[in-house]
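Engineer: Chain by chain, the residues:
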Amino acid sequence: MLLIIFGVNSAFAVNDNVLLSEKFPRTLSEYGFFEDTKAQQPSEGVLPYELISTLFSDYSKKQRWVYVPEGSHATYQRDWVFNFPVGSALIKTFYYPLDERNPDAGMNMMETRVLLRKDSGWEAVSYAWNETQTEANIKIAGKTINTSWIDEFGDMQEVRYRIPNKNQCKECHAANDEITPIGPKARNLNSIYPFTDGPKNQLTKWIDEEFIKDYPSDLLKTTDWKNITASLDNRARSYLDINCGHCHSSTGAANSTGLYLNLSETRKKHLGIYKKPVATGRGSGDLQYSIVPGKPEESILLLRMLSTDPGVMMPESGRALTHTEAVELIKDWISSM
Amino acid sequence: MHKIYIKIILFFSLAVIQNLSTEEISLEPSLNSQEELQEALILINSGDTLRLSKGTYYFEDGLSLDVDDVTIEGAGMNETILNFSKQASGAQGLLVTSNKVTLKGFSVEDAKGDAIKVIGAKGIYMINVKTEWTGGPKSSNGAYGFYPVESSDVLIDGCVAIGASDAGIYVGQSKNIIVRNSTAQYNVAGIEIENSFYADVYNNLASHNTAGILVFDLPDLPQQGGHHVRVFRNQVINNDTDNFAPEGNIVGEVPRGTGIIIQANSHVEVFDNDIGGNGTVNLTIVTYGSETNDEGYDPHPKSIQVHGNRFGNGGFDPDLETGELAAILFELSDGNMPDIFWDGILPFSQILFGQPEDEKIVLGDNGDATFLTINPIKYMLPIFDPVVRNYDLFKGEINPLDEIVIEGI
Chain A
1 MLLIIFGVNS
11 AFAVNDNVLL
21 SEKFPRTLSE
31 YGFFEDTKAQ
41 QPSEGVLPYE
51 LISTLFSDYS
61 KKQRWVYVPE
71 GSHATYQRDW
81 VFNFPVGSAL
91 IKTFYYPLDE
101 RNPDAGMNMM
111 ETRVLLRKDS
121 GWEAVSYAWN
131 ETQTEANIKI
141 AGKTINTSWI
151 DEFGDMQEVR
161 YRIPNKNQCK
171 ECHAANDEIT
181 PIGPKARNLN
191 SIYPFTDGPK
201 NQLTKWIDEE
211 FIKDYPSDLL
221 KTTDWKNITA
231 SLDNRARSYL
241 DINCGHCHSS
251 TGAANSTGLY
261 LNLSETRKKH
271 LGIYKKPVAT
281 GRGSGDLQYS
291 IVPGKPEESI
301 LLLRMLSTDP
311 GVMMPESGRA
321 LTHTEAVELI
331 KDWISSM
Chain B
338 MHKIYIKIIL
348 FFSLAVIQNL
358 STEEISLEPS
368 LNSQEELQEA
378 LILINSGDTL
388 RLSKGTYYFE
398 DGLSLDVDDV
408 TIEGAGMNET
418 ILNFSKQASG
428 AQGLLVTSNK
438 VTLKGFSVED
448 AKGDAIKVIG
458 AKGIYMINVK
468 TEWTGGPKSS
478 NGAYGFYPVE
488 SSDVLIDGCV
498 AIGASDAGIY
508 VGQSKNIIVR
518 NSTAQYNVAG
528 IEIENSFYAD
538 VYNNLASHNT
548 AGILVFDLPD
558 LPQQGGHHVR
568 VFRNQVINND
578 TDNFAPEGNI
588 VGEVPRGTGI
598 IIQANSHVEV
608 FDNDIGGNGT
618 VNLTIVTYGS
628 ETNDEGYDPH
638 PKSIQVHGNR
648 FGNGGFDPDL
658 ETGELAAILF
668 ELSDGNMPDI
678 FWDGILPFSQ
688 ILFGQPEDEK
698 IVLGDNGDAT
708 FLTINPIKYM
718 LPIFDPVVRN
728 YDLFKGEINP
738 LDEIVIEGI
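Chains as they are written, first to last, in my numbering: chain A, 1 to 337; chain B, 338 to 746.
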């Protein structure tokens, strides 16, 4: 019905009416974010972007796009994501390459998550790709998909992949009980991206596209936690910020724990150093403190990153596998204290 | 047939009568309970009731509710069972993040983490609900049965909590709380009120836990300085389960056989309870013992009133292996364990100049209960015996605290 009533826009443009309508469309293609949904070819006005430091999601790869309706702009917010105007959308497709050694082998798209900026605020919804990879259908209650891929070493990896339900989206994407994007902070976008018309700094491109008008000239750049030339402290704090800080901050869902891992936290106790668990239960793993400097094996923080037991592991959702590389990073970081 | 029936109801309630005042949705156990119940919890509208028919529902993932003003009602705590023994993801069985939610007449079994967690709710009413780990007390059980945190207007009424490896009923960093007519057994802590303001805990049975009822306050948290807690008309008896909490947690320090612990709270009134059969100590009033740099935190209990309780046998089997409390008490008392113990620890200025009158511990008539505290000055000077057993020194007038009222209850 919606399509019939509102389907008057040009074929390859975002359908603003669908985006803003009270009910979510049943399929991803109805939004018009893509000229070719199957090929993930974005429509005009939909721009790919990449974050310098990203959230771990069971080794899945992510392709992101942003849409800001013509004539309006997102505005810079210090230490936070851009304030996007009503009608904006953030689109993120999660996929596994069939064979990481061979990019041409193709990919297995799992889901496309959409954050929509409506009048009343942000709303989150996810679309699961069908088996033939031709369309993604709305999944309000989430879904479990058992899948596998060949990793960069040629080993087959299996994963119980979870598409989050609407409430689980909010578990991470909430600050002060409002849904919010997490990734697109200016400092996390301050990097070169290979656009189809050539490589360019993403923020510069956003100005070109009139997504934003300006950003501070003295803007810092997020540390890429994978960048081994950066300082260990910056890498570890950057990883913890994007993977834990959205809940573990004084405004996040885990603020009752007193453990705050967002980048701006500086108090040692709240960063976990010699901090006793509060309501951790068996998540403590018989250890006394979140972080014991110099002793990663005695630090609850590392134990919960290693675990895949739902009653122990952190984050609470969005992970079924251990992020081995990050465990190494945090181990080194705690050892160096 | 069954699935179609459900979908029709869901569709109907959504598309057609969304704006009517209340709607009832019914579910029955099926092979697809995970998706059906979670979808119902997402699509339910304010004012609606979701009925869960008799039977056992199996889940592989946690469930969550984020819609205000709804009721989830089963056919009874022994009839409608939400079973999480095969849970593969999710840190709790059921998570509630919305306001004015009533949970009624069902059981949450064998969750991998906490059973029912409620975050930031204004109004959460849990009535005749059970949380249980069915394999008995084990450190691999989840931490909390009932776990409202950062909430206000919290009612836990007629509930049962069994087997939690931390606390069966735990209310943390909340305000305006009633826990009544409930049973907590075979948990480490039966009922725990932590970093909370204004709570009534009454008509409950706390038995066969490691410790019966705890009123605690911890530092370095968004809400601290717990105060105004009444613990009355409870049966706190035969708490005799070995501590099975994982180490690191504060309740891991609690010795087996502790009746009631008041720690670092102010304005606590403990009255008209039956407290007995607790092998370490029936009632203990203590200071937070670990180091903290939190300047806004007061580790000392104050304005604690204890009166009209009936004390049974206590201290006959002190758990000297767990934490320090039992061992210290055993040594101080020379094995002659008291019913009521206060550690006597005061801020340094109060050791020198005395405690303000209105912060003192007040003992009313507690039958023939025995008492023991420590004189801190004498404790620091080894030539004196610091033990004070004179009950009458702490006798005084009782100033009853106000009753807690939850609007609409």
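Rather than coming from a laboratory, the hints here were simulated on the basis of the structure. Beta carbons are placed, not taken as given, at the ideal position from N, Cα and C, and that holds for glycine. Do not rely on the hints blindly, as some may be mistaken.
Stated by the list, open to error - Ranges between beta-carbon positions, derived for each pair:
| hint | chain 1 | residue 1 | chain 2 | residue 2 | range |
| --- | --- | --- | --- | --- | --- |
| 1 | B | P559 | A | L98 | 43 to 49 Å |
| 2 | B | N369 | A | D233 | 33 to 39 Å |
| 3 | A | G294 | B | D722 | 23 to 29 Å |
| 4 | B | E661 | A | T147 | 50 to 56 Å |
What the hints assert, rightly or not - A few chain A residues that face chain B, going by a derived Cβ cut-off under 10 Å, partial list only:
| hint | residue |
| --- | --- |
| 5 | K38 |
| 6 | A39 |
| 7 | Q41 |
| 8 | L55 |
| 9 | Y59 |
| 10 | K61 |
| 11 | G71 |
| 12 | M156 |
| 13 | E158 |
| 14 | T280 |
| 15 | L306 |
Engineer: With reference to the structure, classify each hint as holding or not holding.
Structural biologist: Hints, verified against the model:
Hint check: B:P559 to A:L98, Cβ distance near 46 Å, so the stated range 43 to 49 Å holds. Between B:N369 and A:D233 the Cβ separation comes to about 48 Å, which falls outside the hinted range of 33 to 39 Å. The hinted window of 23 to 29 Å between A:G294 and B:D722 is violated, with their beta carbons roughly 43 Å apart. Hint check: B:E661 to A:T147, Cβ distance near 51 Å, so the stated range 50 to 56 Å holds.
Given hint, A:K38 at the interface with chain B, is violated; its Cβ is 26 Å from that chain's nearest Cβ, farther than 10 Å. Hint status for A:A39 relative to chain B: violated, with the closest Cβ pair at about 30 Å, above 10 Å. Look at A:Q41: its Cβ only gets to about 31 Å from chain B, farther than 10 Å, so that hint breaks. Checking A:L55 against chain B: minimum C-beta separation of about 16 Å lies over 10 Å; hint violated.
Residue-level restraint check for A:Y59 is violated (minimum Cβ-Cβ distance to chain B is 16 Å; threshold 10 Å). With a least beta-carbon distance of about 21 Å to chain B, the hint placing A:K61 at the interface is violated under the 10 Å criterion. At its closest, the beta carbon of A:G71 sits 33 Å from a beta carbon of chain B; the interface hint therefore is violated under the 10 Å criterion. Taken as an interface hint, A:M156 does not check out: its beta carbon lies about 20 Å from the nearest beta carbon of chain B, beyond 10 Å.
Among the interface hints, the one on A:E158 is violated; its C-beta lies about 13 Å from the nearest C-beta in chain B, farther than the 10 Å criterion. Restraint check, A:T280 versus chain B: the minimum CB separation of about 6 Å is within 10 Å; hint holds. For A:L306, the shortest C-beta to C-beta distance to chain B is roughly 16 Å, which exceeds 10 Å, and the interface hint is violated.
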